[in-house]
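Chains as they are written, first to last, in UniProt numbering: chain A, 1 to 308; chain B, 1 to 308.
One or more hints might be untrue.
Restraint-style ranges between C-beta atoms, simulated for each label pair [stated by the list, open to error]:
#1 Glu105/A <-> Ala51/B: 20 to 30 Å
#2 Gly78/A <-> Asp157/B: 22 to 32 Å
#3 Asp275/B <-> Gly78/A: 51 to 61 Å
#4 Leu106/A <-> Leu49/B: 19 to 29 Å
#5 Leu49/B <-> Leu147/A: 27 to 37 Å
#6 Leu232/A <-> Leu49/B: 51 to 61 Å
#7 His283/B <-> Gly303/A: 31 to 41 Å
#8 Ala91/B <-> Arg103/A: 23 to 33 Å
#9 Leu106/A <-> Asp3/B: 38 to 48 Å
#10 Ser210/B <-> Ser48/A: 53 to 63 Å
#11 Asp294/B <-> Glu18/A: 14 to 24 Å
#12 Arg77/A <-> Arg201/B: 41 to 51 Å
#13 Leu232/B <-> Ala280/A: 52 to 62 Å
#14 Leu295/A <-> Asp95/B: 54 to 64 Å
One side of the interface only, derived from the structure: several residues of chain B facing chain A at Cβ under 8 Å [what the hints assert, rightly or not]:
#15 Leu7
#16 Asp8
#17 Tyr12
#18 Ala16
#19 Leu29
#20 Thr31
#21 Ala32
#22 Arg96
#23 Ala99
#24 His255
#25 Gly258
#26 Gly291
#27 Leu295
#28 Ala297
If you are wondering where the hints come from, they were derived from the structure by calculation, not from laboratory data. We put the CB at the ideal spot given by N, CA and C, even for glycine.
2 protein chains.
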Amino acid sequence: MIDPMFLDTPLYRCEALEPDLGCAVSVKLETANPVRSFKARGTELVASLLAGQGPRAAVCASAGNLGQALAWSGRARGLDVTVVASRFAPAVKLDRIRALDARLELVDGDFDMARERAAAIAEHDGIRLVEDSLDLETCEGAATVGLELVDAASSFDAVLIALGGGALATGVGHVVKALAPGVEVICVQPLGAPAMTYSWRRRRVVTTDSTDTIADGVAGRRPIPAVLDDLLLVADDAVLVREESIIAGMRMLLHHAGLVVEPSAALGVAAILEDRDRFAGRHVVTIVCGGNVDLDAYHGWVGAAPLR
Amino acid sequence: MIDPMFLDTPLYRCEALEPDLGCAVSVKLETANPVRSFKARGTELVASLLAGQGPRAAVCASAGNLGQALAWSGRARGLDVTVVASRFAPAVKLDRIRALDARLELVDGDFDMARERAAAIAEHDGIRLVEDSLDLETCEGAATVGLELVDAASSFDAVLIALGGGALATGVGHVVKALAPGVEVICVQPLGAPAMTYSWRRRRVVTTDSTDTIADGVAGRRPIPAVLDDLLLVADDAVLVREESIIAGMRMLLHHAGLVVEPSAALGVAAILEDRDRFAGRHVVTIVCGGNVDLDAYHGWVGAAPLR
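All chains should be modelled from the sequences, with the hints used to inform the complete structure.
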């Protein structure tokens, strides 16, 4: 059900990164597609199933990437898509959602406020609410990244996964733990948006009052209980990284791999930078999960300091 | 014989480019692999064949990308690789050749002088001379890009191919003309390095005394007669573009597609920019053939002016 354009994405060693990171590093590149993130794997499933049913409309809350992906998948199938996002989301994400013919509604708050608004719209209009990470299709779609990884799993030791709502981490984690149990599944979240990591560590939902991170794609405050339950089954670890490490990771991915990525996609490299001893001599795969970034902000981060 | 890592590269529509270009544009992305260009498709063939034979050594001249690719493919098969390049080649290309354990010899001249030196080394040492675009394996490797394109050829009208020595143009052109003859094959070269285009137009080899272009990957002065013969059979057109169009193309690929590319990889977009009427309403594929670029130079080009 997923357009092949979103599948079998590049997976390759980046040796130029390795002197600085002290381990073998491969990237799984999810940015080279029409929506520049892995999210379409899930929205293709959602939209395919929905297109076969009755009312052909859906609404989702999004930090930006899910909304863009649902807009793309919905447009391809004649669905009426509404996206609710924070007005503080990167302009490039909001612009692309509009360009894909979705109705975009902005809330004067963060992603968790957008979730409330999307739920209200769904109830009022009687249309499908697509809940990222809770709706199993979003996790199953993300899990196809894991299927592609395990085909090559004999060669690596750990996979680093950006942790936001949890679709990518539970989807990939489920597949990896089922089919390549020797591979360590490590989730990475910013210190400035630690709710799911705290929840994983305490084995119960922990919410926070606010977030403070440039990694807009993973900045949630209220973990979904059912997603936490899944994450507890499949994650070997969940680590938190500093903002300066995320920026250093983005800079290294540009300078040594030629990749312009959004902050969430640099979380894996940031995790290696913060704990080189843990990864020394191992082969680590990091999922470069998205590349939708405002270039002005990007240049401010990445150009602000010399490479090392 | 080609490592699958280099095959089945992303091919996708970039709608964000289209308002400025006035046509449907898809990119075939050849930068998401360990050598960041399409050249490994050919060197994988060369090295595989060579590894099965006697003397396990080879030398090539390179503008930078072939050398990096031959170093990669040779290292994987225990071959002894020597690369001859201009000392004016981008540092990032030379650094990566050295990092891949190849012997690098620099000449105080341009690519065509490096070709002469490589031939002398091959003769003196009695080792295999790998001649890009002349050796059929280099064209056959590049032709696999064409095979992947024709699988999707029903949906597009023209393919834009960077023209340097001619391996990519003759390889892709041969496959496209054989299997999807309705697709227009358009080669693109910088006005500052027009020798092969002039040769194609006059149907005889035309050399130039010098080159003057930022597109280092395609800056040759002396077309190879046998390659011209092939190009005459498969190219529908060969066009020349200005430096400012190449820079505008690089800038658009960054801003609208999130891709950092070397100048040669922006030739296709440059060709559309210079002749919007020709492509209006059509669906064009441009092969983004390489991403090895010195970032300081890149920022100087791309950051030097506003987007439009």
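- Message: If you test the structure against every hint from before, which numbers come out violated?
- Response: 1, 3, 4, 8, 14, 15, 28
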